[in-house]
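Q: Turn these sequences into a full structure, and let the hints steer you where they fit.
Counting from 1, position 34 in the sequence shown corresponds to residue 34 in our numbering; the numbering is continuous, with no gaps.
Source of the hints: derived by calculation from the structure; they are not laboratory data.
Any given hint might turn out to be false.
Unchecked claim - Quick list of simulated restraints, FRET-style, between CB atoms: (1) Lys122 / Tyr63: 27 to 35 Å; (2) Ile29 / Glu237: 51 to 59 Å; (3) Gly164 / Ile294: 55 to 63 Å; (4) Ile163 / Lys13: 54 to 62 Å; (5) Gly164 / Asn119: 45 to 53 Å; (6) Ile29 / Met247: 51 to 59 Å; (7) His92 / Ile213: 20 to 28 Å; (8) Glu116 / His92: 18 to 26 Å; (9) Glu226 / Thr255: 36 to 44 Å.
Said to hold, decoys possible - Computed list of lysine-lysine pairs in BS3-like fashion (alpha-carbon distance at most 27 Å, straight line): (10) Lys207 / Lys8; (11) Lys21 / Lys160; (12) Lys176 / Lys236; (13) Lys236 / Lys160; (14) Lys21 / Lys122; (15) Lys176 / Lys122; (16) Lys160 / Lys176.
Using N, Cα and C, we set each Cβ at its ideal position, and we do this for glycine too.
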Amino acid sequence: MYFQIQDKITQIKLEDVDSAKITIGHISIEELEETYNYFGFAQSTVLECRNKIEQMYGFVDVYDDYHFGIISGINAEHIVTVQDKIAIYIKHNLFLIVTLEDKDNSIEVKFSDMLERLNLSKITQERIIYGFLDRLIADDYGALYEIGNQIIELEYRMSKRDIGNDFPFEITNIRKKLLLLYSFYEQLIGLGEALKGNENDLFAEEKLHYFAIFTNRVKRLSSRTEMLQNYCSNIKEAYHADLDNNMNATMEIFTIVATIFLPLSLIVGWYGMNFNMPELSWEYGYPFVIVISIIIVIISLAYFKRKKFF
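A: Below you can see the structure in the form of structure tokens.
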């Protein structure tokens, strides 16, 4: 579907697109294949849209009279894997959004939301592009705040030793979310800087500040994401350090027990030998050995206690 923007937003057909008037469109990959010649786009861009790359991937190319780019995105509230993928074409008075993948219908929602928020009294192509890009990150501030709270909760649980076997999985899941978000923001920063560079002079110089504002917002989100990544890494390191401390404490107990029973083992070895010993014929020989063993244990425990080994 295509919309012409003047003093009002009017839905139009493809043949009604007027290069003298601002037009925005939201179409499918199939529609792009039918119309790319009409708009003068290179066939290689269509082939790039058909490229099946599952990981987070995006780029921006600058042609003589238009920008072409691909953005792989996510829904910040339900971050699991790549959920959205769009291509954008920006030409003089034309802003075209091509949906390549939209598992949660979020792109259509954001496109509609952008149309509703347009200020028609100050409409420019730059403001329209900025409005849509801003919708892509509108929910991310709240999402990052929620992730931060999840990390704080993990840290609190660890300090209270209220953690289960799923604790490493929880940390890993959060780290994956942050990595996807960070990759998403890297794409948007590249897009914002390419638009701000205005290499093919599509935009008015006095309007380039919209792209600067967008790029700075994404950079702040990226910085916060990186900070949360470091915070999460610190929690993971603290968790592993705690495991190591517990293991060291266990090994320390085993060492103390082994040290205490080492002289007793020596006594057992002596009396297990097959030769005559005076104590064997002594009436109190057996109780004597028992008493000696108990004294050795008491002395060993007192020594370790004094040295604060436990």
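Q: Would you mind confirming whether the straight-line C-alpha gap from Lys21 to Lys160 stays at or under 27 Å?
A: Violated, at about 63 Å.
Q: Could you tell me whether the CB distance from His92 to Ile213 stays inside 20 to 28 Å?
A: The hint (20 to 28 Å, Cβ to Cβ) holds, given that His92 and Ile213 are roughly 22 Å apart.
Q: Does Lys122 sit within 27 Å of Lys21, going by the straight-line distance between their CA atoms?
A: Judged against 27 Å, a Cα distance of about 14 Å means the pair holds.
Q: Can you confirm whether the C-alpha distance between Lys207 and Lys8 stays at or below 27 Å?
A: This hinted pair holds, its Cα atoms lying about 21 Å apart.
Q: Using the C-beta atoms of Lys122 and Tyr63, is the stated range 27 to 35 Å upheld?
A: 28 Å, holds
Q: Between Ile29 and Glu237, does the C-beta distance stay in 51 to 59 Å?
A: 44 Å, violated
Q: With respect to the beta-carbon atoms only, verify the hint that Ile163 and Lys13 lie 54 to 62 Å apart.
A: 60 Å, holds
Q: Given the hinted pair Lys160 and Lys176, is their alpha-carbon gap at most 27 Å?
A: Answer holds: Lys160 to Lys176 is near 25 Å, not above 27 Å.
Q: Using the Cβ atoms, figure out if Glu116 sits within 18 to 26 Å of His92.
A: With a Cβ separation near 25 Å, Glu116 and His92 satisfy 18 to 26 Å, so the hint holds.
Q: Could you see if the CB distance from Ile29 to Met247 stays within 51 to 59 Å?
A: Between Ile29 and Met247, where Cβ atoms are some 54 Å apart, the hint holds.
Q: Checking one constraint from the list: CA of Lys176 to CA of Lys122, max 27 Å. Satisfied?
A: 41 Å, violated
Q: For the hint 36 to 44 Å, verify it against the beta carbon of Glu226 and that of Thr255.
A: Since the Cβ atoms of Glu226 and Thr255 sit about 42 Å apart, the hinted range of 36 to 44 Å holds.
In summary, the structure is inconsistent with hints 2, 3, 11, 15 from the numbered list given earlier, while agreeing with the others.
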